[in-house]
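Chemist: Listed in order, the protein sequences are those of chains S and X. So for the first sequence, the working numbering puts the first residue at 418; every next one is plus one. So for the second sequence, the working numbering puts the first residue at 96; every next one is plus one.
The reader is advised that the hints may include incorrect statements.
[To be verified] FRET-style restraints, in silico, Cβ to Cβ:
| hint | chain 1 | residue 1 | chain 2 | residue 2 | range |
| --- | --- | --- | --- | --- | --- |
| 1 | X | D276 | S | E476 | 41 to 49 Å |
| 2 | X | E338 | S | Q501 | 28 to 36 Å |
| 3 | S | G556 | X | T335 | 58 to 66 Å |
| 4 | S | P531 | X | K142 | 17 to 25 Å |
| 5 | S | L563 | X | E107 | 54 to 62 Å |
[What the hints assert, rightly or not] Facing chain X, from chain S, some residues (calculated, C-beta under 10 Å):
| hint | residue |
| --- | --- |
| 6 | R429 |
| 7 | V486 |
| 8 | G528 |
[Claimed, not checked] To be clear about the criterion: a stretch of chain S counts as covered by chain X if any three or more of its residues have a C-beta under 8 Å from a C-beta of chain X, and this derived list gives those stretches:
| hint | region |
| --- | --- |
| 9 | 432-439 |
| 10 | 557-565 |
Honestly, the hints are just simulated from the structure, not real lab data. Glycine included, each C-beta is placed from N, C-alpha and C at the ideal position.
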Amino acid sequence: MVTNPISVDETRSLAYRENGQVHLVVHLTDPDVVPGDVVARFRHDQRKFKKPARVTAAEGGGATLELSVSAGRLGRVPWFLAVQQADGGPFVRVQTRVLSHPDLPVALLPGPPPRTRMPAPDPRANPAAESARGLLRQGRRVAGGLKRRLRERSGA
Amino acid sequence: MRRHELLQGLHEVLQPRTYFEIGVREGYSLRLSRVPTVAVDPFYDIKAEIRCDVHLVRTTSDEFFARSHPFAHLDKPFVDLAFIDGMHLSEFALRDFMNTERYCHAGSVIVFDDMLPRNVVEAGRGRVGSAATGAWAGDVYKVIESLRTIRPDLVVLELDTSPTGTLMVLLPDPDNRALDDAYDGLVREYVTPDPQVLPEWSRTRSRAIPAEKVLESQVWAEVRRRRLLPPGPARTAIRTAYEKAGLATPKGA
Numbered sequence: 418m419v420t421n422p423i424s425v426d427e428t429r430s431l432a433y434r435e436n437g438q439v440h441l442v443v444h445l446t447d448p449d450v451v452p453g454d455v456v457a458r459f460r461h462d463q464r465k466f467k468k469p470a471r472v473t474a475a476e477g478g479g480a481t482l483e484l485s486v487s488a489g490r491l492g493r494v495p496w497f498l499a500v501q502q503a504d505g506g507p508f509v510r511v512q513t514r515v516l517s518h519p520d521l522p523v524a525l526l527p528g529p530p531p532r533t534r535m536p537a538p539d540p541r542a543n544p545a546a547e548s549a550r551g552l553l554r555q556g557r558r559v560a561g562g563l564k565r566r567l568r569e570r571s572g573a
Numbered sequence: 096m097r098r099h100e101l102l103q104g105l106h107e108v109l110q111p112r113t114y115f116e117i118g119v120r121e122g123y124s125l126r127l128s129r130v131p132t133v134a135v136d137p138f139y140d141i142k143a144e145i146r147c148d149v150h151l152v153r154t155t156s157d158e159f160f161a162r163s164h165p166f167a168h169l170d171k172p173f174v175d176l177a178f179i180d181g182m183h184l185s186e187f188a189l190r191d192f193m194n195t196e197r198y199c200h201a202g203s204v205i206v207f208d209d210m211l212p213r214n215v216v217e218a219g220r221g222r223v224g225s226a227a228t229g230a231w232a233g234d235v236y237k238v239i240e241s242l243r244t245i246r247p248d249l250v251v252l253e254l255d256t257s258p259t260g261t262l263m264v265l266l267p268d269p270d271n272r273a274l275d276d277a278y279d280g281l282v283r284e285y286v287t288p289d290p291q292v293l294p295e296w297s298r299t300r301s302r303a304i305p306a307e308k309v310l311e312s313q314v315w316a317e318v319r320r321r322r323l324l325p326p327g328p329a330r331t332a333i334r335t336a337y338e339k340a341g342l343a344t345p346k347g348a
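Can you build the whole structure from these sequences, using the hints too?
Modeler: Encoded structure:
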């Protein structure tokens with residue numbers, strides 16, 4: 418049974434949408450993957466869900482993992498994929514991710530995700546927007562001061 | 096002419112206000128930019144000095160475009176010149192084009208690298224054989240026929256650059272959704288096992304025009320002026336300018 422992450426041949430893998438479903442055809446190059454019914458697990462951060470899937474022997478070696486999932490369930494974020502080959506067995510990472518943003522074509526992202534040591538920096542402040550915000554803040558302060566003085570006068 | 100000479104020439108004649116690049120690697124094309132720039136590559140390993148105001152993004156291009164405001168680095172989110180040199184697989188290149196076009200206008204120019212492989216090994220989806228250590232284009236050339244068939248409104252020009260040819264796409268239209276409708280069918284056509292069937296026009300470059308001819312055209316000053324117009328009049332004026340300059344998709348292509 419495979420326990421290390423399962424490598425993927427991206428040249429023979431694809432994802433496409435049809436009738437509201439995202440179909441994945443993922444070519445697994447690991448020779449120890451056994452054909453048969455499996456459970457696929459999608460994971461993004463703490464969110465997980467499972468779907469039934471099928472592994473078949475592929476022409477020319479390796480195996481093909483095929484499954485479908487509702488496009489709506491994938492939202493706008495990339496999902497890691499793992500498969501469980503036997504009941505109660507471990508889920509083993511498949512080295513590809515799927516991204517099905519509703520405004521963009523569906524993408525299968527092969528290989529390990531890129532890593533950075535720090536989060537992406539915020540975009541620089543737009544000077545025009547900043548000065549408009551500053552003017553607004555100043556206007557609110559002036560209006561607040563006027564209101565206060567009017568209240569004080571009417572109370573006096 | 097080498098592809099980086101073409102890019103340098105385009106920076107000079109088009110005078111882009113913004114530049115966008117997919118596939119940075121060592122930064123040899125990024126170093127040509129002097130304008131606000133966004134550049135994406137999940138594994139960039141820059142060896143060149145860079146002299147521009149750049150947001151260098153370490154992610155895949157698909158994840159980049161899935162961000163809420165991918166071009167937040169730019170004062171206004173539009174791209175004047177784009178260079179697509181990411182994954183050498185046709186479905187990735189097509190997605191990069193579709194996603195980039197949403198941030199373009201009629202006067203934008205989109206250049207693809209590696210569009211004219213010279214032999215079947217260079218055109219393979221897998222980087223094997225002599226392509227493992229030498230030039231490798233992949234099967235991104237398949238995108239040419241898709242663009243010409245599905246998007247006849249675009250001007251699609253193959254350019255004879257070394258080593259593996261380039262494609263220049265003019266008159267992008269951010270509102271056109273024809274490729275979105277076609278994508279899921281195209282991806283199933285694209286993903287076929289090697290060896291790929293390499294078209295004769297790629298092998299011989301029979302449809303490719305010299306990059307020098309494009310750069311020497313007088314049209315670029317007109318494009319620079321007309322891109323300042325509102326979108327509708329800009330598109331009409333720029334299309335007319337390209338037609339007068341003889342920059343049109345080759346007949347029968």
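Chemist: Confirm or reject each hint.
Modeler: Cross-check of the supplied hints:
no.	hint	result
1	X/D276 - S/E476: 41 to 49 Å	violated, 31 Å
2	X/E338 - S/Q501: 28 to 36 Å	violated, 59 Å
3	S/G556 - X/T335: 58 to 66 Å	violated, 48 Å
4	S/P531 - X/K142: 17 to 25 Å	holds, 18 Å
5	S/L563 - X/E107: 54 to 62 Å	holds, 57 Å
6	R429	holds, 6 Å
7	V486	violated, 15 Å
8	G528	holds, 8 Å
9	432-439	holds (count 4)
10	557-565	violated (count 0)
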